[in-house]
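Going line by line, the protein sequences match chains A and B.
My numbering runs 4 ahead of the 1-based position in the first sequence.
My numbering runs 4 ahead of the 1-based position in the second sequence.
It is worth saying that the hints were derived from the structure and are not from the lab.
A virtual CB, placed ideally from N, CA and C, is assigned to each residue, including glycine.
Each statement offered as a hint is correct.
Away from chain A, derived, C-beta distances all over 10 Å, residues of chain B:
hint, residue
1, Thr103
2, Lys111
3, Gln130
4, Lys341
5, Gly384
6, Leu435
Label-pair distances were calculated between CB atoms; the ranges are:
hint, chain 1, residue 1, chain 2, residue 2, range
7, A, Pro231, B, Ser134, 36 to 42 Å
8, A, Asn166, B, Asp122, 39 to 45 Å
9, B, Lys341, A, Ala37, 52 to 58 Å
10, B, Asn50, A, Asp53, 31 to 37 Å
11, A, Asn166, B, Gly431, 53 to 59 Å
As a plain string of letters, each chain reads:
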Amino acid sequence: MEQLLIFLGVILLGFSVFYIITVYKHEKEKKKAPVKEKKYEKELRRINDEKDAGLKSEIIKKNRKEFKKFLTESKSEISGNKGSLKRIYKNQNFLKEDIELLEKGKWWEKTKAIERLKNLEIKEAEKDIFNLLYNEKLDVRLASLDYLSKINSPLIQNEIKNIFEKNSAEIDQFLLIKLFSANLSPKSLKTLANSPKPRLRRASAILLGRKNKKENIPPLKKLSEDPEPNIRIEVVRSIGKIGLKDGLSILTKLKDDEKSKIRAEVARSIGKIEKVEDLSLLENLAQDEVKEVRLEAFLSLAKFGETGREIIEKYRKDYPQVSREAMLRSFNPEV
Amino acid sequence: MQNILFTILFIYSIIVLVYFLVLNSTYLVLLVLSTMEIIYQKRTPNFKICEGDACELAPSISILIPAYNEKETIIESIESLRKLDYPQLEIIIVNDGSTDKTLAALKEELKLIKTPRDVKDEISHQPVKSVYKSVLDERIIVIDKKNGGKADALNAGLDFARTDLFIAVDADSLIEKGGLQSLVQPYLEKDCEVVGIGGIVRVANNCRIEKGEVVNVSLPKKLLPIIQVMEYLRAFLFGRAGWSKINALPIISGAFGLFETERVIEIGGYRTDTVGEDADLILRLHKLMRDKNIDYEISFKPDPVCWTQVPESLEILGRQRNRWERGLIEALTYEPKMIGNPKYGLLGIFSLPYFFFFEMLGPVVEFTGPFIILISYLMGWLNLNFALLFLGIAVFYGLLLSIWSLLLEEFTSKRYEDPLDRIKLIGAAILENFGYRQLHSYWRLKGIIGFLRKEKSWGEMKRESFTRPEKIEPPNKND
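Build out the structure end to end from the sequences listed, making use of the hints.
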């Protein structure tokens, strides 16, 4: 028992010393941080001004890891000029180091390297990172996709179907968010849209919903006939996001959909389309048997100024609460 | 007679010894697991959830705020929530039949109008009188309903929510900026269905709060809340991180937990006949997913922070801990078949038995211990040297865990910048062994007795405003 107490006492002492050293180190680092950042900033400027990004620097040599972090975390005042940072990053051999890590590093070293390269939008590592898109470790796969989307890599245009098929449905939302930023062409989404798998067709319906992309409307038209309601609803949402009158014919077709959620979404999407002159479609939906559809129709009518208000007023007695809310919204569009 | 007493005390001391050994071995395992989890979390990339138009695809979140007589804190709480920079957000305040002027304050400050939106009637709850919408901020909905308690109010909010996820927050809690983005990450980035995610709850007493945001973190001035800071650090960084590593997390704090709306509706929402609705919800979610054989996770994330006020008086703290104990017992006794059941994986065979024997029944051993020692001493059966050594080991071990938690804090979301605060925390970790722990066991023992007496009361909790709220302005177009 006594020995156990002594043993625990020694461990406790060890932990306490370790804790004190950690706190001391952190405090020291915290105090030194502004001085160091100033020093790195000065060095960065010197290298940049001398137009010799490959200049041998004792400061960089001694503090390689910290300087690399400083460069990629956009702490520098010249971070607005990504071109300069990229040039320095490459010429100081940081890029080479990162590419080596992508090949041989541990999974977390790979993701950190990808993150750095993404922050500086360095495209030279594109192929190496593309090779990691199907890595066994999910974090590496996600980091790779994040990078490729950020630099808008053409390499992923033909990979969309594989990306979905080689990952589980649980991370679809992540994939969709990242791929949405990657400006995919309708052609690259064709294989998804034609897939027998509803999950992939739904993904294509979502990814086609990009603002002002008129060329995305024809593939959405085909998807609007899909037997799956959760695909049709995404088609309607995407038409709203595109926001062009060309999509109205699809919405007109879906305004009588058997699912009230889709009809409500049609009403909402019309409100997002610019310069709609004929509001009969919304007026029609404003009399729908389902309250939710009527509400969305009224709220969309509120977005069309005087013409919309006239229709709201027309149904004020039938639907007093919803018309009140719509009127308020109409006069306070920013709300 | 003496022989019988001696036999009883002998058996009791053996039980205590076994209890002590198993408990501390579990702590040791948790220590390793939590460290592994924290290291993993540190290594995991921190993706920005979305940028630009892609934010429309981010998972939508409803924030549910049950409010019963909260006129002092509710406006300030909403003001803070409105500042959260999450793209797809809905704030649902449920006025649970307040008898003060909570609804009037909401109407005035938020410029509420009645809206024809309905609750979905998918979960049972007390009748809803009206649903309001704010003219100032279209994300805000107020549901006015008949009083039914916190869980019932949450159910009404849940019945209205149309989002992928929801989070229930107390009116006296503040979610840190960026907290939701961080909390939602496991939902997006895990290769399985994530049904619940818990963040870390920290103590806001004595922190400087401006316009609903914590701008300066410092330790409370009084010893009692400082001890609670230490308790929270241990519970979250050491306990929850450890259980989360093996997907056996049985509790997510009711003050800061994000859940999949659909799954919670599937299990019928919160149970209304318990004071531990948060623990009960997690157990039922685990049960649902395991029974359905779905690959899932209930995660803990150590960086998103929710700040909360903790009790500064013994009386209120006692009531809180009494309620927590009753809540835990209720949750465990509602689902007794899960305890020790291998069907529920490590949760069933490791985590729940731990909570049953050590968290639930622990106070019995801890509270009766000193009396048994006293009796043994008076009867001349106590080896004083052994008892002191035993006490020393218990204190040392407790301290070791506290220092380890502080170390984990140093490597994660370190918030206490002042070195003096860290020294105070170590001081609190030492001092809590002498008086506070015994008192804590007493409160929890009272909780056990309360449970046996079928007590269901929450006990009055005094809530104070963080700061004086400012008038709510319409959202800035550039926001």
